[in-house]
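K.L.:
Letter by letter, the chains look like this.
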Amino acid sequence: MKKLLWLALCLIALPAVAAIDGAQILQKVDRNLEPETYESYRQLTDIQPDGSKKVSVLYTMKKGRDKVVALFLAPASDKGRVTLRLGDNMWLYIPDVGRAIRITSLQSVTGSVFNNADILRIDYTAEYNVEATEEQKDAYLLSLKAKTGEVAYDRLKMWVDKQALLPVTIECYAASGLLLKTLHFSNIKDFGGGIKRPATLETDSPLYKGYKSVMQWSGLKKRDFPDEIFTLNYLPRVQELRK
Amino acid sequence: MSLPRGSWVRCSVLLLLSVAAHASAAEENSFDASEFEKKPFEIGGYLQLKQEDFALNRAGAFYKLGNYQRPQRDSLDRSTGTMELIGKLRQGIGTFDFRTHSDLQQDQLAHDHTNLLYEGVYSIRPDPGVTIEAGKRTLRWGKGYAWNPIGFVERPKDPNDPELSREGLVMANSDFIFNREGPLQTIAFTPVLLPVGKDVNSDFGAAGHLNPAAKLYLLYRDTDIDFAWQGKGSRPGRFGADFSRNLTSNFEIHGEWARIQQLARPVTDSTGRVTTQTANATSYLLGLRYLTEKDTTYIAEYYRNGTGYSDQEARQFYQLVETAFAQVQQTGSSVLLPKALSLSQGGYGRPNPGTDYLYFRAQQKDALGIVYFQPSITAMMNLQDRSYQVTPELVYTGLKNLDLRLRLFVLQGARWTDFGEKQNSRKLEFYARYYF
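First to last, the sequence lines map onto chains H and R.
Counting from 1, one number per residue, gives the positions in the first sequence under my numbering.
Counting from 1001, one number per residue, gives the positions in the second sequence under my numbering.
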């Protein structure tokens, strides 16, 4: 009788546990990757088929689930450019132009395999719902579906390390099912303040055969920012916030 | 030994290419964020070498006016070296930003140079939401790509080079930013005082005015909205609004509307009788930007220029120029010529003097499988007289800190039309710009 009761309870609870697990794993992935509010420096290296490289350096500030600002510190040709993201809205401020223009998530302000959605990434939970969760030997495989049509990738397949609850590989798909790019996380580093996460992200794309882009993190730490800096009027002055 | 005209530009371009290649080879692979710490003083900028070859339109009104009493030519080669220095000095809560512009220009007719302070502004930020600035500053208002009817406190934009830096104006301005939750996410208010005197902003308008202006920005339900105003002073009073919104992630629409109150506009007839017409002038612009899956960007804008001249009014001016030069040929002098020259330096001589324009641009990122290679084509048409300009362009930015751009302007139009009467009928332009 006890066995039957236990089995019945398990059967009732199983779908709920599975559904909660996927969403909870994704929430943990978001917070393990970075605090909700933080600053960081990133280096983006675009490697062409002939081995030549183009390097950009960005200072990034994020607040809440969907507010991000990234300031270009290098190369000299891009220095002072600032990108702002508020949810689905993105703008680019170019000092020579003197005002911000709207940009789209699929463009790339650096001209790299990383597009604006990758460079100004907000929390995965802000953009995606977990459709399915599959437990594999060392990883959870999360199948994610974009919440709206404004999101850069319609679907993601995310392999999450079971122990660290950090992403290892993410495949990004268009609504047509076309594989747009694959993201590979590596080089787990302790940034201090309880932040231990991959310091390197590499991407390749079947659409850019032979090209590769690498993102490296440095100086990632929790920091609170006033709301006013995530506005168009503040973009020309963003660099004054660096310490 | 002297080099042929234009050769020094070509030699200098080769030198820039070699500097850029060396910089690329020396690049380090490691990433250390401490290299990028904020410094009390920062300086950067660019060095640009430009070569322009003009095919002159000897039948055009503006060629005749611009080359009166000069040896007549069919072509002109111009070489220009430009340097802009951009710097920042930080002390306490204050920051001093500056941008200088120097250029050296040479063609077969003239040799010229300019040294200008484009910007020099001191700003303080007592609070993240408050900034107070004073000095020479460029404030760009409006959402249009090629034109900005609500650009009330700035020098006119060149629609052939909308992203070019421009000289600012001396002003005092502030920024007050309020952020909140809900459909109205951001409110930002920018009041401006722009004095005009004998030696300050003298090209803005009549001296002896303080010229208050203001802009209110709202981010409301994912739409950028601005309301702009400039009080009556050195120029007639004016007000306007703009908006910009993404309909989908790859499709943006924008618009501007401006009204200038009691604008005095000199209008000539073909005999040189100039009358001043005073009326409210309404300008507006509607535009879109669309990105395809294959990374082609389309930009299209319609511009109604309420301060411009209709096809009929422009024809009267071109007839006046023709009559003036016919008089010169017949009698050796003309009383009409000074009038035509004076009018050409005003509204009739603007880059876009007409009332209705269409702008179209298509640009392809990473064309032919070459990353950082961007060909584009731009067309601008005066819808009233059907004259137009087409500009194919090639841009390559694959070398570190070096931009290379080649473009050809082809102007087409019948007699007495906007683009048919310009100074040149073709222009080939190449520049190399090295950032440091």
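In case anyone wonders, no lab produced these hints; they're calculated from the structure.
Hints should not be assumed to be uniformly reliable.
List of simulated lysine to aspartate or glutamate pairs, DMTMM-like, C-alpha gap at most 25 angstroms [to be verified]:
# : chain 1 : residue 1 : chain 2 : residue 2
1 : R       : Lys1294   : H       : Asp204
2 : H       : Lys212    : R       : Asp1403
3 : H       : Lys145    : R       : Asp1295
4 : H       : Lys209    : R       : Glu1293
5 : R       : Lys1038   : H       : Asp204
6 : H       : Lys189    : H       : Glu36
7 : H       : Lys243    : R       : Asp1127
8 : H       : Lys222    : R       : Asp1403
9 : H       : Lys222    : R       : Asp1127
K.L.:
Does each hint fit the structure? Answer for all of them.
P.N.:
Hint check results:
1. Lys1294/R - Asp204/H: Between Lys1294/R and Asp204/H the Cα gap is close to 17 angstroms, so the pair holds against 25 angstroms.
2. Lys212/H - Asp1403/R: holds (22 angstroms)
3. Lys145/H - Asp1295/R: holds (24 angstroms)
4. Lys209/H - Glu1293/R: Holds - the C-alpha atoms of Glu1293/R and Lys209/H are around 17 angstroms apart, at most 25 angstroms.
5. Lys1038/R - Asp204/H: The given pair, whose Cα atoms are some 33 angstroms apart, is violated under the 25 angstroms limit.
6. Lys189/H - Glu36/H: Roughly 18 angstroms separates the two Cα atoms, so the pair holds.
7. Lys243/H - Asp1127/R: holds (16 angstroms)
8. Lys222/H - Asp1403/R: Not OK: Lys222/H and Asp1403/R at ~37 angstroms, beyond 25 angstroms, violated.
9. Lys222/H - Asp1127/R: Holds - the C-alpha atoms of Asp1127/R and Lys222/H are around 21 angstroms apart, at most 25 angstroms.
The structure does not agree with the numbered hints 5, 8 stated previously, though it agrees with the rest.
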